[in-house]
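**Q** This is what each chain is made of:
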Amino acid sequence: MNAVFETQAPISNETSSSADSARPVYLKVDGIVKQYGDFTALKAVSLEVYRSEFICFLGPSGCGKTTLLRAIAGLDIQTTGRIFQDGVDISALPPSERDFGIVFQSYALFPNLTVRRNVAFGLENRKLPRAEINRRVAELLETVGLSDHGNKYPSQISGGQQQRVALARALATSPGLLLLDEPLSALDAKVRLRLRHEIKELQRRLGVTTILVTHDQEEALAMADRVVVMNQGGIAQVGTPQQIYSAPTSAFVADFIGSMNFMEGTRLDRQRVQLGALELSCDNDGLTADGPVTVAIRPEDVMVQGAESGGVNTFQAEIRDLEFLGSFFHAKLSEPSLGRNVLRANFSANLVRRMNLQKGQRLTVALPQEHLRVYARQV
Amino acid sequence: MVAVNPIRNAVLATPVIKPKLGRDDWIMRLFMAVIGLYLLISLALPLYAVLSKSFTVFQFSFGDISVQLQRDGHWQDAGTLEEWVGRLSQPVNNDLAPTSLTRLPILQTLTRRELQGVSQVRLRDTSETGGRLLYDAEFSKPGEIFTLEPRELRKLFVRPVATTGLNNYLVYFQTPALRQSIGNSLYIAVITTLITVALAFAYAYAITRSCMPFSGAFRTIAMVPILVPSLLPAISLVYLFGNQGLLKGLLLGEPIYGPLGIVIASVFFCFPHAMLIILVALSAADARLYEAAEVLRTPKSRVFWTVTVPGASYGVISAAFVVFSLTITDFGVPKVIGGQFNVLALDIYKQVVGQQNFEMGAVVSVILLLPAILAFAVDRFMQRRQVALLSARAVPLIPKPNRALDRALLIYCSVVALFILGLLAMSQLASLIQFWPYDLSFSLRHYDFGRMDGGGWDSYFNSIRLGLYTAVIGTLIVFLGAYMVEKCKGFSHGRAGFQFLAMMPMAIPGMVLGLAYVFFFNSPHNPLNFLYGTMAILVICTITHLYTVSHLTSLTALKQLDPEFEAVGASLKQPFYRTLSRVTTPICLPAIFDIFIYLFVNAMTTVSAVVFLYSPDTTLASVAMLNMDDAGDIAPAAAMGMMIFYTNVSARLAYLGISQLLFRSTQAWRKR
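Chains as they are written, first to last, in numbering that gives the first Met the number 0: chain A, 0 to 378; chain B, 0 to 671.
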C-alpha cells in the first residue's frame, strides 16, 4: 500500500464554503511522529485546520487517529514534530496549559456529581461569581436540551443525554478547540443519527473549531467540513466529503470509503486501460508509466443502458446474481471479456422493475469515463 | 532484519519534544518522592541494616593490645595479648563465639602465675579505632595506655570488635538447636497449609456453590479470627487441652504443647485469609461452563474435578502460599503453646530478647525472609493469572438446590464454625473464671490489668491510640501513594521503584521488620534516633508492615475509575487535587473506609512487628497479652485478648453504621 503522507492542499474545484484556502489556519500540525518503543504510531503527520472548521479523523482501528488527537490535546505528547494553535507553539505544553475541550468515548462524566455540577466543574475555581456560573450552566443545559435534568446523576440519564452532558461540560469554558474522541460509538443507531445532526448544528452555531475522531465513514461524511483519512500512522487523503468519496486518491481510500469494484487491468496510455479483453477510456493522468493497474468504479456508478450498444466503455454482461436489499438491488455481473473480474453494481428498485431485470439475463452496461479511477498496482 | 527505518532517522534528525511539566506534574512527583522516601526510610534501609548485621562478626583482636610488665622497677615488653592467649592451656571465653555484648576479663588471658613478681602492668590499645579494652565501663581510646597494679586488673576487660564475614551463618548451621528450627518451621507451615486450605476450600465451596442456609452467617463467623491476636487461639487451646485442660482426655496423652497445638492454633488464625481468597476464586465462576457440562451429560464428580477445581486452582494455590507465609512468620502461637518446639520466628525473639544476641537474631531473620519472599512471589504470580481467567462475557453461576449435599455442607460448616466460636468462647470463659480449675465462680478480677505485668489498662488504650493513628495516617499515605503511582504521567522509573517498595512489606515478616527497626533507628548515628521508644515508631512500623494490602486495595479501586477523569479535569484547567478531592476520593470512599478499618483492626492485633519496639510508655494490648502469658497470668492474657476482640467488633460495627449513614449522602449516585 502506497500511503500518501504529505498533506494535500484542499482542492477548490468543488466550491464548498469550508474549503476556502484564504481562511486563517487555527491549528497547524507539523511533522508529528509518535513512537512507542520500536512501534511508530504516527509517521510524520502534517495538517492544517482552519478556524471554525469541522474536521474528522477517519480510519480503521490502529491507524493512529486517536494518537494524533491525544497529541493535539497534550495527553500523549508526540516524540517529534510541532503543533501550533492560534499561532502559539503548544508542542510541549501539558494539557492544562492548552486551550481545548474534550469529549471521550466513555464521556468520563463524574458519576458522583449531578449533571449541573459536571457542567459547572470547569467554571468553578476561577473566581467567577456564583450567579454567573449558574447562568452559564443553565444556558449550556438549555443549549443541549437538558434543562430538566440538571439535578440528576449521570447514571440516571440515558446514553444520549450523557453524551450531551459531556459536550456541555467540554464547551463550558468556551474553548478554542473542541476534541471529540469517538463520541457517538457507544450509542445505538437511532440516537447516533440524531446526535450527529445536533452536534453538527451546535458546532456551526458556536463556530468552535472541532476535531472528531471516528471509524464510521458515514459519520465522517455527514458531519465533517473536511475529512482526514488516516492509515497506518499516516494521512492517506484530506478533502471534503465529496472529494474523498468521488475522487479517492488511493486504492486504500477508495476501498475504505463506501464500496468499490476493483478490477485488475493494464495501463495502455494516458487515456486507455485494458481490462480483460476490453479497452476502456479513462482519465489516468495521475500515473506516469504503463503497466499493471487497478481499475475502480463504485457499484452505483455502473450504468445500465437499453438494448442499443456501441457507446463509450459499454459492453454486454450477464447478471450472475441479483440480491434484493430494500431500496436497491445488488447485482453481480460477469462477462468473459472482463477476464476474471466480477463487476458489482447497485441498481435502483425502480430500474429493476422498469427493465424487468432477472438473474441470467444479459444486458448492456456502461462504465462512465468520469467515474473510473485507476491506481497503480504492484505485481 | 537489518532494514533502515526512515522514520527512525527522521526522529534522530529533528529534536525530540520534551514535554513541559505542569504544576500538577511537579506536585504529584513531589508527593510520590516524599512517600517513596518514607518507604525507603521505613522499609528498605532498616532491612539493609538487618542484612548487614547478619554479616557482622564479633572477634577479639588480641593482636591490637600490647603488654608491658614492670618487675623490680624496670619495664619490659611482653609482646601482644595474642601471644599470651596462644600460651593458654584452655580456650579463651570457654570457646564461645563472642557477641557485641561479650566482655572478656583480662585476667583470663594474663594468668596469675605469669604475673607473679610483677608490680605493675601496662596495657596499650594499639588499634587505630580504639575500643579494644574496657576499663571502668569506658572504652579505650586509640593508643590509650592503662597502667595498673595486678589487683586492679579485674576492672579491665577485652572487648570484641566487629568485622564482616559469614561466621554467624556458620555458627548458625553448626548449632543443631538453631538449625533444627528450619525443619520445624517448614513442617508446621506445610501441615497447617494443607489442613487450612482443605478446610477453607470446602467451607468456601459451601458458601458459593450450594443452597445451604445461613451462608451469610457462616461467612461472618469465618472472619472472626481476623479480629483477635494469634495468641488468643493458643491460649484457648491451653485451657482446653493443657495440663489442666477441659478436654485433655481427648488427646489420649498427647501433649498440646508442641507441633499439635501450633498447628491447631495456626489453622484457626489462617482460616479466614485462605477462605476469603478461595471464596473470591469460586465466586468467579462462569455458568456457561457448567451448562455446557450438563448438556454433555458429564457426571457431577467429573464436573467438580474438571471445571470447579481447575477454575479455582489459582485461588487455592494463592491461598496456600498466603497461609504458608502467615504460619512460618507467626510467633505468637509458638510462643504460647510451642513448648520446647522451636521455630524460626520464635528463635528471632529468643535470640534478641532472651540472649541479646542481635547478630544471630539477624541471621535467623534473613533465613526466615527466604521462604516468605518465595511464598510472596508465587502468590503475586498466581493472583495475576487469576485476573485473566474470567472474561467480561461470563455469566454468573447461580447454585441449584441439592438436599443431600446442602445438608452435608451445613453440618460441615457448623462444625468449623463451632471450632472457631468454641476457641473464642473458651478464652471468654477462662477470663471470667475466678481461679481455673479450682474455683469456677465468675469474677471480673482478670480484667483488673493494673495488678498484672504488661502495662495494665494503659497498654489497652495505647493500642487504641496506635490503631487510630495507624488508620488515619496510614490511609492518607497509602491512598495518596497509590493515586500518584496510578495517575502520575511519565516518570516510569520512579513509579516502578515506588511500586516495588509498596509491594515489599507483604514479603517481610513482622518480626524481621521489627528487628530491622531496632538496628536502624536505635543506632546512635541515625538522626532519626529520637523516634526510638516513641509511639511514632510503632505507628510507622505498623503502617509499613500493613502497607501492601492497603496499597493493593487502593490500586484496585483507582483502576476501576474512568482513566480519563484526570484528562477531563486538566482540559477544564482544574488542578489535579481538585479532581482528586471532588471526584476520585468521593468515588473511592468505600475502599478508603475498608483500608481504614483494615489498618485499625490489624494494628490492634499485631504482635510480631512491635514486640521489639515498645517502651514502658508505649506498651500495647497484644504485647501485654504476651507478657502476661509469659508470667503465667494466662487468664488475664485471655481477658486482654477478649478486650481486643470486642474493640475490633465495635470498630467494625461502628464502621458499618457510619458507612451506611455516610454513603446515603455521598454515594447516592450509585443508585439508579
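Among the hints, a few may not be true.
Unchecked claim - List time: in silico BS3-like cross-link candidates among lysine-lysine, alpha-carbon distance up to 30 Å:
no.	chain 1	residue 1	chain 2	residue 2
1	A	Lys126	B	Lys486
2	A	Lys27	B	Lys572
3	A	Lys199	A	Lys189
4	A	Lys27	B	Lys19
5	B	Lys572	A	Lys151
6	B	Lys486	B	Lys17
7	B	Lys140	A	Lys199
8	B	Lys19	B	Lys572
9	A	Lys42	B	Lys140
10	A	Lys126	B	Lys140
11	A	Lys42	B	Lys154
12	B	Lys154	B	Lys140
13	B	Lys140	A	Lys27
14	B	Lys558	B	Lys19
15	A	Lys151	B	Lys558
16	A	Lys126	B	Lys19
17	A	Lys151	B	Lys154
18	B	Lys17	B	Lys572
19	B	Lys17	A	Lys42
Since the hints were derived computationally from the structure, they do not count as laboratory data.
**Q** If a hint holds in the structure, say so; if it doesn't, say that too.
**A** Going through the hints against the structure:
1. Lys126(A) / Lys486(B): Roughly 27 Å between the alpha carbons, so the hint for Lys126(A) and Lys486(B) holds.
2. Lys27(A) / Lys572(B): Judged against 30 Å, a Cα distance of about 22 Å means the pair holds.
3. Lys199(A) / Lys189(A): Answer holds: Lys199(A) to Lys189(A) is near 16 Å, not above 30 Å.
4. Lys27(A) / Lys19(B): holds, 19 Å
5. Lys572(B) / Lys151(A): holds, 24 Å
6. Lys486(B) / Lys17(B): Holds, at about 19 Å.
7. Lys140(B) / Lys199(A): violated, 88 Å
8. Lys19(B) / Lys572(B): Measuring from Cα to Cα gives roughly 16 Å; hence the hint holds.
9. Lys42(A) / Lys140(B): violated, 72 Å
10. Lys126(A) / Lys140(B): violated, 69 Å
11. Lys42(A) / Lys154(B): violated, 84 Å
12. Lys154(B) / Lys140(B): holds, 16 Å
13. Lys140(B) / Lys27(A): violated, 76 Å
14. Lys558(B) / Lys19(B): Holds, because 26 Å separates the two Cα atoms, which is no more than 30 Å.
15. Lys151(A) / Lys558(B): holds, 25 Å
16. Lys126(A) / Lys19(B): Distance of about 26 Å is within 30 Å: holds.
17. Lys151(A) / Lys154(B): Distance ~85 Å between Lys151(A) and Lys154(B) Cα, so the pair is violated.
18. Lys17(B) / Lys572(B): holds, 21 Å
19. Lys17(B) / Lys42(A): Given pair Lys17(B), Lys42(A) holds - Cα atoms ~18 Å apart, limit 30 Å.
Of the numbered hints stated above, those contradicted by the structure are hints 7, 9, 10, 11, 13, 17, listed in ascending order.
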